[in-house]
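Novice: Listed below are the residues making up each chain.
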Amino acid sequence: MKAENDELIKEFSSEKIDQLDEIIAKFKGKPGGLIPVLEEAQVALEYLPVSIQKKIAKGLNLPLSRVYGVVTFYSFFTMTPRGRHTVRVCLGTACYVRGGKALAEIIEKNYGVKEGETTPDRKFTYESVRCLGACGLGPVIVVDNDVHGRVKPGKVKDILNAYN
Amino acid sequence: MAKITIEDLKKIKERVHAETALRDGHLRVKVTVHMGTCGIASGAKEVMDSLLREIEEAGVSDIAVTTSGCMGLCSREPLVTVEILNQDPIKYEYMNSNKMRQVFKRHILEGEIQNPFVLARGAETQK
Amino acid sequence: MKVFRSHLLICGGTGCHASGSLNVKKALVAELSKRKLSEEIKIVETGCNGFCAMGPIMVVYPEGVIYMLITDEDIPELVEEHLIKGRILERLLYREPTTEEIIPTMQDIPFFALQELRVLRNRGLIDPEKIEEYIARDGYQGMVKALTEMTAADIVQEVLTSGLRGRGGAGFPTGLKWKFAAASPGDIKYVLCNADEGDPGAFMDRSVLESDPHTVLEGMVIAAKAIGSHHGYIYCRAEYPLAIHRLNIAIDQAKEMGLLGRNILGTGFDFDLEIYQGAGAFVCGEETALMTSIEGKRGMPRPRPPFPAIAGLWQKPSVLNNVETLANIGQIILRGGAWYASVGTEKSKGTKVFALTGDVNNVGLVEVPMGTTLGTIVYDIGGGIPKGKKFKAAQLGGPSGGMIPIQHLNATIDYEKVAELGAIMGSGGMIVMNEDSCAVDMARFFMDFCQDESCGKCTPCREGTKRMLQILTNITQGKGKEGDIELLEEMAPIIKDASLCGLGQTAPNPVLSTIRYFRKEYEDHIRNHRCDAAVCTALFKSPCQHTCPIEMDIPSYITLIRANRMENAYKMLLRTNPFPSVCGRVCDHKCQTKCRRGKMDEPIAIKFLKRFITDNAPRPKTEPVPVARREKIAVVGAGPAGLTAARDLALRGYKVTVFEELSEPGGMLRWAIPAYRLPRNILANEIADVTALGVEIKCNIRVGRELSFSKLNKNYDYVYLAPGAHKSQKMGVEGEDIPGVHGGVEFLRDFNAHEDAWVKGEKTLGSRVAVIGGGNSAIDAARVALRLGADVTILYRRERKDMPAAVEEIIAAEDEGIKLEYLVAPLKIEAKDGKVSGITCERMKLGEFDRSGRKKPVAIPGSAFTLSVDAVVASIGQAPDLTFVPKDSGVSVNKWDCFDLVKGSKSQTTDARFYAGGDAVTGPDTVIGAIAAGHQAARDMDAAIRLAAGEPAYEEPAEEKIDIPLIIDEEGEEAPQGKMPELHGPERKTSFVEVELGFSMEDAVKEAARCLRCDAEV
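Protein chains in written order, with the numbering used here: chain A, 21 to 184; chain B, 457 to 583; chain C, 127 to 1144.
Calculated from the structure, these hints are not laboratory results.
Note that the coordinates shown come from a computational prediction; the quantities given were computed from them, not determined experimentally.
Check each hint, because a few of them may be wrong.
DSSO-like, lysine-lysine: derived pairs with alpha carbons at most 27 Å apart [to be verified]: (1) Lys168(C) to Lys175(A); (2) Lys172(A) to Lys725(C); (3) Lys78(A) to Lys121(A); (4) Lys561(B) to Lys168(C).
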């Protein structure tokens, strides 16, 4: 237990680790509790490296392989640190048909990132998503929780510049 | 909020339905308070307030209240038009809170036109 | 009770939030309180209104006036005008996209008027965060009935009667599903709601959860009673935070009131439920995968049987229904299954919600009875395709579905018909695609999605989707091979048959569907490296060049304008086009339809820029080419096709003689298009270049009259037949042969031959002229008649947007005062004293769609009327006159009076020494099409000659190197297309002076700078 926390303490503050303990305690013994734990843990800790997964596995009394399997299966979970803001370009069909691809290309070009990567200054993590259900506004990009609709390629820079 | 019964559910339904009936479009009466600058200056706002209070107290849900701009008869403001479904609109002049209450009770609810306040009957020829 | 005189319902769905409805609401609250109206006027934030493309949306009651695209800055004016002065603020109202008509009230807007709301009955009408408002609209009454008056079996029976089928995709009867689960033994059972709406392009479930969450809860309680369950889950995507937020509120409120939980409403029935957030995996929309996911594992499907009704979540009997299905339940129980089944088709009852998206004017949620036609949804409700583009297909069922193409716009949409057409109903995502979508690319896109989302459990799905994606990607990149299509067709059924769940079983659908309807596009990509939609960028340099029938290097000459290297620009034009100054005036500029700039604001004015070069640069001098070959070639017809072929062949050293029936060369350019569009000297200069090469043009010689066909056959080694289509089609109405009835091209030809006599009035049509038709030659005839002093009316049987004429020509005709009457067709020509005295027409209305995707005009009985006119010009189409070809010549002519080409050739007729092209092969087409045909014929004839002589193929002489600079603006500002300056004033309507004046240098450079340089590789 001690050695495990040592590994964690390098990356996370002790408050964060306490928070994780609370999350695990909340769902311990609850059937199907793994995914909610991972969801809350990711919200609290921003990402789920193997060290965290080990702790969760132990806490929920599950094999690590099971935790790892779930983390890697669902696109919501990430094992690497993220940028301060998440920029998601919708590549659902409606946005794709209306030019979502061009937006993705502009971000990739201007910020030198590929899908799933974070800018070196850790400002943005760039992802593409499959349909946010805001098809009426396509093409759409989402920065954190702000949906920007009817985005034209020339406007991407202005939109992203508004975030620090 | 406490647990409710089936009876309570019906009561909620009736009460809130009255409040939201405005959105259904089944309206019997339309009252227009003319609120141009002149109307407001001569007290149209108070007329509006008293009308809304009356409707609230009477608990009726089939009356629409709207506003419109100056009718060009600034000297006779505040003006109010009452249109009951399938009847000619009636225009009342020099309205105030008291007159409004009277028009509401007698004309809107009971159908008796309040002749002393009437400016004109029938629709305007031009919109 | 608190009375408000007005309720303002602001849409608070995800779509409207994104377009700023929260700010609008804030501004509204502030404005109302500033003006002391807060006590009179109530603001309600509703769920999704469905008309997402027009958000933020606000409906003002009691009037029902709907305002759209509101910003917070509009609020003071809106409050002042509407709420104080009672005047409707027009600029924020809805405008019908096709007619531009302003429609103030919601119920009159076709988008809303044509819908039948059952699932969405509360959308935009209630505050979804207030349970009382749901209750006020019969909320939970179905549940009360189910819990107090009905047995479980009654409920199942009612749902069976309704005919409701699962709205999540598969369409399995909901009542049956419940019956199985009810019959399944066990104390613990689960009711699950699938709110994992992963199908891209579908958002009806999100909308229901956001605008009316209680309706789902009510449906779940009823389902629970029907199967004997006491616990439920709603599995909702984490991507829908607002939906989850509102669901949580709804559940809390319902629990507080005792509408959920123990002893619901004192009936003794218990049911509790919780939300389970998905973590982003499309496959979890599949029922067994969803259950595995709730169990906290990787969401992989399980084999069935056992079915979930027997062993579902945690191996307990479970029913899973999606949001839309459950949203129907309360109403079905309250109003009866028979009520529900009163609309729909035989096997598909009730209504269906479609998420209408893509290239359609009114994007949004649409609920219509089953059996509504695709055309009604796309055109009447959806308002048609933006920017006048053409409908190509609608993708139904997302990545698991298929396309329904233009020829099936009359298809009634229900489970059976959709399946018959090769698509699936799916969850109701309906993505409209216009002509700018490539079928292969869309198939690749969907396959990419399925491949990405395949959970990996079944090998055929995991590996098969990967292989299919690879093949599709290759095809889109020009690396396709013969046999690829067949391979895809072979793999598809294997993946379908050998996969456990819906994802794999449907993944090949988009490929099969696109091959079914757009096989030619696949073949074009593989064999010719062509993508007609100009989407697959690996196949071309720029969309404009790819779209031009002769592949003119448009970005290059546009850049040369910007660099002020006009002579180089002119040379660039002449490389591919012998008639650039003609095309700069009368080309139909297909190139502009695919211009990428058009996606940003408006396309580049390519045609005008081309003309600018030819107007302003000196024309490069043409040197004669010595005859180097012994084969003699004859060309019949001196139109653009014939002259292009003659020029190309002369350049290759052939002796070419062109025979022309009329007194001057030029074909339609000389004899149909009037001088105000194409001045004679402009045309003559370009033809002079052809003769300067050494081509001989012999006018006034008609083959079969001055020169016999057999002589032509004997005297020349090869013949190119390009006589055009110079004969007007008949209208087929009574009185067509009365003097005063003219064919469109015949009139134009006579006018162009005897312009002086017409202008002086020696020849005349009359003072009132009716022109029948909607093509360019109808407009030409009308504008000429107008210039001759007549009062002109064009009669067209469809609507303006259906006219084949170029829109700028239609506008010019309107500007000049020509009357256009739409939806009328001629019935009879009236005569008096043996001359035309009038034309009797009848009014038409639009009926079903024809195969071209336009609505068919149908006569309205009893609508006949007579227009009094002195002349009628019938310009409804042209056909070639090929009577000069003897029947026994070996050159065969088909039933459309056009030349037949041999299979596999684009120019050779059934006699190997005769080639043909232009309008005489295709029927009436464009100048650029004729030029392309001329190029093609010259290449083919030359190749055939060399092949026969055993010579190597022709090699083009090296071209002068023209260096193309790369000047690109880093951030392009939005700017509309430059306007063409036009002639105005009285001169325009009375003379034949050119109307379009041409760009100035400043105009041209500015326009050229708008080019995005798609050809450049950065």
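Novice: What are the numbers of the hints the structure violates, in ascending order?
Specialist: 1 and 3
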